[in-house]
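Protein chains in written order, with our numbering: chain W, 60 to 196; chain Z, 60 to 196; chain B, 60 to 196; chain C, 60 to 196.
Hints were generated in silico from the structure; no laboratory data involved.
All of these numbers come straight from a predicted model, not from anything done at the bench.
Treat the hints with caution; some may be incorrect.
Given that identical chains are not distinguished, each listed pair holds provided it fits within a single copy or across any two copies.
[Claimed, not checked] Keeping only pairs whose Cα atoms sit at most 20 angstroms apart, straight-line, the calculated SDA-like set for lysine to any residue is:
{"no.": "1", "residue 1": "Lys133", "residue 2": "Thr181"}
{"no.": "2", "residue 1": "Lys133", "residue 2": "Ala150"}
{"no.": "3", "residue 1": "Lys73", "residue 2": "Asp134"}
{"no.": "4", "residue 1": "Lys133", "residue 2": "Ser63"}
{"no.": "5", "residue 1": "Lys133", "residue 2": "Ala193"}
{"no.": "6", "residue 1": "Lys73", "residue 2": "Ser63"}
{"no.": "7", "residue 1": "Lys133", "residue 2": "Glu190"}
{"no.": "8", "residue 1": "Lys133", "residue 2": "Ala191"}
{"no.": "9", "residue 1": "Lys73", "residue 2": "Thr61"}
{"no.": "10", "residue 1": "Lys73", "residue 2": "Tyr146"}
{"no.": "11", "residue 1": "Lys73", "residue 2": "Leu62"}
Here are the chains, one letter per residue:
Number of protein chains: 4
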Amino acid sequence: MTLSIPTISLDDAKRVIAAAEAESSTQGQPSNIAVVDAGGNLVAHVRIDGAWLGSIDISINKAFTARAFDTATKDLGDLAQPGEQFYGIHASNDGRVMIFAGGIPLERGGQVVGAVGVSGGTGDQDQAVAEAAASAF
Amino acid sequence: MTLSIPTISLDDAKRVIAAAEAESSTQGQPSNIAVVDAGGNLVAHVRIDGAWLGSIDISINKAFTARAFDTATKDLGDLAQPGEQFYGIHASNDGRVMIFAGGIPLERGGQVVGAVGVSGGTGDQDQAVAEAAASAF
Amino acid sequence: MTLSIPTISLDDAKRVIAAAEAESSTQGQPSNIAVVDAGGNLVAHVRIDGAWLGSIDISINKAFTARAFDTATKDLGDLAQPGEQFYGIHASNDGRVMIFAGGIPLERGGQVVGAVGVSGGTGDQDQAVAEAAASAF
Amino acid sequence: MTLSIPTISLDDAKRVIAAAEAESSTQGQPSNIAVVDAGGNLVAHVRIDGAWLGSIDISINKAFTARAFDTATKDLGDLAQPGEQFYGIHASNDGRVMIFAGGIPLERGGQVVGAVGVSGGTGDQDQAVAEAAASAF
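For reference, chain W alone in the conformation it holds in the complex:
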């Protein structure tokens, strides 16, 4: 029996990113925005003019992380604090696991089909942009 898994198309990814760009612009805080598919692989990325260079990698890896654990990076971050059950998880996966706000799984029909990652502002800003992105999916 062949398994079949739903995943995100480039068209969907572009719509998600456009929503994130709009929210980022509203905030006046330039962001990097990335979308990965069900396999955790990059589908699309944009860096708004003036956004942090260090956030290219972070946005891509927030998206990776949100799909890799089917969990928002903000929530994973709570579980990854000292003394908590996943403390140290940020050292795994060759340093690709991001444990602060801005990565959100994208779901359809109750299944995670990809994820969006945002980086460039404060945790609250990144989270708001990622939520706007996820809402557009």
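Starting from the known structure of chain W, arrange chains Z, B and C on it as the hints suggest.
Okay, now just chains Z, B and C, sitting in the frame of chain W:
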């Protein structure tokens, strides 16, 4: 004099993994399960359908860690908290040291001959699956 | 519109690996055997007793490569020789691209749903084991 | 005196990528397409549905390479063959230097302001898509 060290065979590793698969299924929480030998090198790995992608690396490295320090990763985690004697150890070994529950050394005749690593659920779930695996050895 | 892609199950991966183990045993040359899914992520791996330690990574990355380019690593290798169109591709993807025989895409219904990678012997041996594995799919 | 360097905006990058998408579609060969700025840092990336997973990294790094040396990767490739003056350059920069066709510098007013990288087909296909992209700049 030539040293000789006991290590785990592929047959043993498969039995250990089968026990882990059964426990994971009982819990209804899909896991990644890995076994390493006395040299800390991978013998076998399985990812149950639907288990977290980010847990592939973690399961393998929990097993590596448990053999690398002949210590359960849960116990190493206690020693690796801020202020404790091994704080920071997760940055060593190119990020391969996992400091949360789910990795257990496999012993025979009082010697560590390998280790099992489990990842895919909560710390308690991963630990329970790893204990079921170790019991089958 | 949500895309849906076929991928390989753990059950299928185990059957593929069992066929590879049998062929490896027939040859008397112990192998590492790995299977990845449609996303290029590891589903299962075994190292037959006595197989090369350096082949753990190679088997996994041969499988990754065969899916990453939907091409057998043997054929990719021909295109990656000095003077050929993909010379230098082995430096990409953080060194995960293997350009010698032993990695084969797994197809069903005309679509690549994963791949198998074999390492532990000569190129001809690895290729024969991988072909036996793919035939069992 | 403060230096000022011209670089590419996200708007320009999107136009370049749209032209590449159109050419890729005309060819019927799905591509990964990436644009980097004057600093060699990623501005935008898209993976057309069905394009090779291994080409994500390659498209980004072809763009990086074309800007890093202000040279098309096809031309750098000629200089990087065994016996030539840059043989071995693909091992530098942590494996980010791509030495086969598909990466082209983007120039304005005689200055390189960024680069485009394309991966997903043969060398000739990637080059044609990258040229279409560069022409749109």
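Hints violated by the structure (numbers, ascending): 3, 4, 10
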